[in-house]
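Just so it is clear: in the sequence shown, position 59 is 59 by the numbering used here, and no numbers are missing.
Quick caveat, the hints were computed from the structure, so don't treat them as lab data. Accuracy of the hints is not assured; some may be wrong.
Label pairs and their in silico Cβ distance ranges [claimed, not checked]:
| # | residue 1 | residue 2 | range |
| --- | --- | --- | --- |
| 1 | N64 | S228 | 22 to 30 Å |
| 2 | M112 | I71 | 42 to 50 Å |
| 3 | E162 | I127 | 42 to 50 Å |
| 4 | A163 | L113 | 46 to 54 Å |
Even glycine gets a Cβ: it sits at the ideal position worked out from N, Cα and C.
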Amino acid sequence: MRASRLLFGSFLVAVYLYLLAPVIVVIFTSFNETALNAFPPQGFSFRWYAEFFKDPTFMNAFFNISLKIAIFVALISTLLSLLATIAITRYRFPLSSLIQTFLLSPLMIPHMLVGIALLLFLSKVFIGGSLRLVIGHVIITIPIAIRAIYSSMAGLNPAFEEAARTLGANRWQTFFLVTLRLTFSGIMAAFIFSFIISFTDVNVALFLTGPGTTTLPIEIFTFLTWDSNPMIAAITTIQVFMIIAFSYILEKLVGLSSVMQH
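Produce the entire structure from the sequences given, and follow the hints as far as they go.
Right, dumping it as structure tokens:
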């Protein structure tokens with residue numbers, strides 16, 4: 001029994017090391033003193049973090065484009081997914097299963113194909129700039145957001161809503177004070193996943209970006225085609241610690257375990 005536990009523990013450690021090794025290498029590489037992507041790092045310096053914050057192209061792509069678009073996409077996707085999930089779970093209407101399949105269909109289509117199709121369509125209707133990036137990212141994030149909210153709302157006991165109505169709450173009060181509160185973890189999961197997918201997307205953004213709307217992943221991709229230095233590792237490290245900070249805040253607000261269940 002003890003030997004099996006030791007073996008299982010060793011296996012878990014090996015799996016975690018395998019998963020975390022690339023992240024650890026990137027983090028250490030970002031502190032290189034030289035311009036080489038060397039590991040172990042040659043010296044210790046914050047030089048490449050300073051280079052990132054001094055680079056107007058990357059700063060613009062990070063804060064003015066990717067971050068704003070990701071927040072906007074997460075809000076729209078979460079709201080639309082919430083409305084769609086309410087319709088699917090609370091009302092009976094013809095073709096409801098077909099509509100649900102249609103809403104989840106982007107999960108089965110390669111994102112690169114979605115990007116090409118949107119490029120051809122949106123060019124025909126003269127939609128450009130950040131708007132077409134938002135449209136593209138909403139399309140690929142809605143299926144994930146619906147799954148997150150649906151799993152939370154489908155498991156909601158209707159007795160809680162009925163009790164609120166019995167105690168005098170109207171339909172809107174019941175929705176805001178009972179339904180939304182009990183499904184809050186699913187809604188937060190939808191927002192988080194939508195934000196991360198939008199912020200890190202390459203396949204769709206590769207076809208929909210244009211002058212003045214180049215996202216951070218595309219800027220990194222373009223930079224790596226002609227140069228490579230630890231600044232890219234520094235940018236990646238900043239994103240990793242942003243996600244860690246985001247996860248910590250969520251843990252304090254709603255409990256990360258309840259969010260990840262969805």
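Each hint, compared with the structure:
Between N64 and S228 the C-beta distance comes to about 25 Å, which sits within the given range of 22 to 30 Å. Against the hinted window of 42 to 50 Å, the Cβ-Cβ separation of M112 and I71 comes to about 24 Å, which falls outside the hint. At roughly 45 Å, the beta-carbon separation of E162 and I127 lies within the given 42 to 50 Å, and the hint holds. The hint said 46 to 54 Å for the Cβ distance between A163 and L113, and at roughly 47 Å that hint holds.
Hint 2 from the earlier list is the only one contradicted by this structure; the remaining hints agree with it.
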